[in-house]
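S.K.: Take a look at the letters that make up each chain.
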Amino acid sequence: DTGVSQDPRHKITKRGQNVTFRCDPISEHNRLYWYRQTLGQGPEFLTYFQNEAQLEKSRLLSDRFSAERPKGSFSTLEIQRTEQGDSAMYLCASSLGQNQPQHFGDGTRLSIL
Amino acid sequence: AQSVTQLDSHVSVSEGTPVLLRCNYSSSYSPSLFWYVQHPNKGLQLLLKYTSAATLVKGINGFEAEFKKSETSFHLTKPSAHMSDAAEYFCVVSDHRRDDKIIFGKGTRLHILP
Chain A
1 DTGVSQDPRH
11 KITKRGQNVT
21 FRCDPISEHN
31 RLYWYRQTLG
41 QGPEFLTYFQ
51 NEAQLEKSRL
61 LSDRFSAERP
71 KGSFSTLEIQ
81 RTEQGDSAMY
91 LCASSLGQNQ
101 PQHFGDGTRL
111 SIL
Chain B
1 AQSVTQLDSH
11 VSVSEGTPVL
21 LRCNYSSSYS
31 PSLFWYVQHP
41 NKGLQLLLKY
51 TSAATLVKGI
61 NGFEAEFKKS
71 ETSFHLTKPS
81 AHMSDAAEYF
91 CVVSDHRRDD
101 KIIFGKGTRL
111 HILP
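Keeping their order, the protein sequence lines are chains A and B. Counting along the first sequence from 1, when you hit position 111 you're at 111 in our numbering, and nothing is skipped either side. Counting along the second sequence from 1, when you hit position 4 you're at 4 in our numbering, and nothing is skipped either side.
Everything labelled a hint here was simulated from the structure, so no lab data went into it. Check before you lean on any hint, since a few could be wrong.
As the list claims (entries may be wrong) - Listed below are the simulated DSS-like cross-link pairs for lysine-lysine, each with C-alpha atoms no more than 27 Å apart in a straight line:
(1) Lys42/B <-> Lys11/A
(2) Lys14/A <-> Lys42/B
(3) Lys58/B <-> Lys42/B
(4) Lys57/A <-> Lys71/A
Unchecked claim - Stretch by stretch, here's where chain A covers chain B in the computed footprint (C-beta under 8 Å, at least three residues):
(5) 28 to 41
(6) 53 to 60
Positions of the beta carbon are idealized from the N, C-alpha and C atoms, including for glycine.
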C-alpha cells in the first residue's frame with residue numbers, strides 16, 4: 001500500500017492560466033474523490049469517480065473545472081482560466097467502495113498570483 | 001439533509017490530561033460517522049469510523065469515540081494527550097444510502113500545552 005499520491009504538491013500560477021493536477025489512488029481502490037479545502041475550513045466535495053465513470057459533481061465545480069479518470073486508475077483535475085478564488089488545497093481520496101473509509105493524499109496547494 | 005457541527009474551533013489541553021473534541025450531527029438516515037486528523041500541510045488520516053456496529057469505537061493512537069443517537073453526538077476522546085496529537089481534527093458524516101455524499105465539519109484545532 002503506497003498510499004494516495006498527488007502531484008504537484010505546490011502550484012503557483014498567474015490569474016487566467018490553466019492548471020492540471022494529478023492523483024494516483026491506492027491501486028485496488030475503484031472510487032476516487034476530489035475535494036477543495038480553503039484556510040480554516042473542512043474539505044468540500046467536488047466530484048467522484050467509480051472506476052472511469054464520473055458519478056457526481058458538486059455545484060462548486062464550475063464549468064472552468066473538469067476532472068477525468070480515463071482508464072479507471074489515475075485522475076486529473078484541470079482548472080481553466082484560474083481566478084483568485086481558486087487558491088486552495090485540492091485533496092484527492094480513494095476508497096474500496098461503498099461505505100468504505102476514504103484515504104487521502106497530501107494534497108496540491110494552488111496559489112493564484 | 002446531513003450536517004455536522006464541531007462545537008469548538010480550538011481546544012487546548014496539557015500534555016498527559018484527557019482530550020475531548022465535540023461533534024454533533026444531523027442526518028435523515030442512519031449515518032456513518034468518521035473522525036479524521038490533519039497535520040500541517042498534510043492530507044487527512046482516518047482515526048476511526050462508526051458504521052452501526054458497536055457504539056463505542058476505538059481508533060488509532062489511543063483515540064475513541066462514542067455514538068449517542070439520543071444526543072446526536074459523536075465526541076472524540078483520548079485519556080492522555082501527547083504532544084504529537086497537536087493537529088486539526090475533522091468530524092465527518094455520511095449517509096448510508098448516499099455514502100459518497102460526505103460532509104466535513106469545520107474542524108477543531110487541538111493544542112497541547114507542555
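S.K.: Evaluate each hint against the coordinates.
M.R.: Verification of the hints:
1. Lys42/B <-> Lys11/A: 15 Å, holds
2. Lys14/A <-> Lys42/B: 24 Å, holds
3. Lys58/B <-> Lys42/B: 23 Å, holds
4. Lys57/A <-> Lys71/A: Given pair lysine 57/A, lysine 71/A holds - Cα atoms ~19 Å apart, limit 27 Å.
5. 28 to 41: That given contact holds, which follows from 4 residues of the region 28 to 41 of chain B lying within Cβ reach (below 8 Å) of chain A.
6. 53 to 60: Coverage by chain A is violated here, the residue count being 0 at a Cβ distance below 8 Å.
Hint 6 from the list above is the single one not met by this structure.
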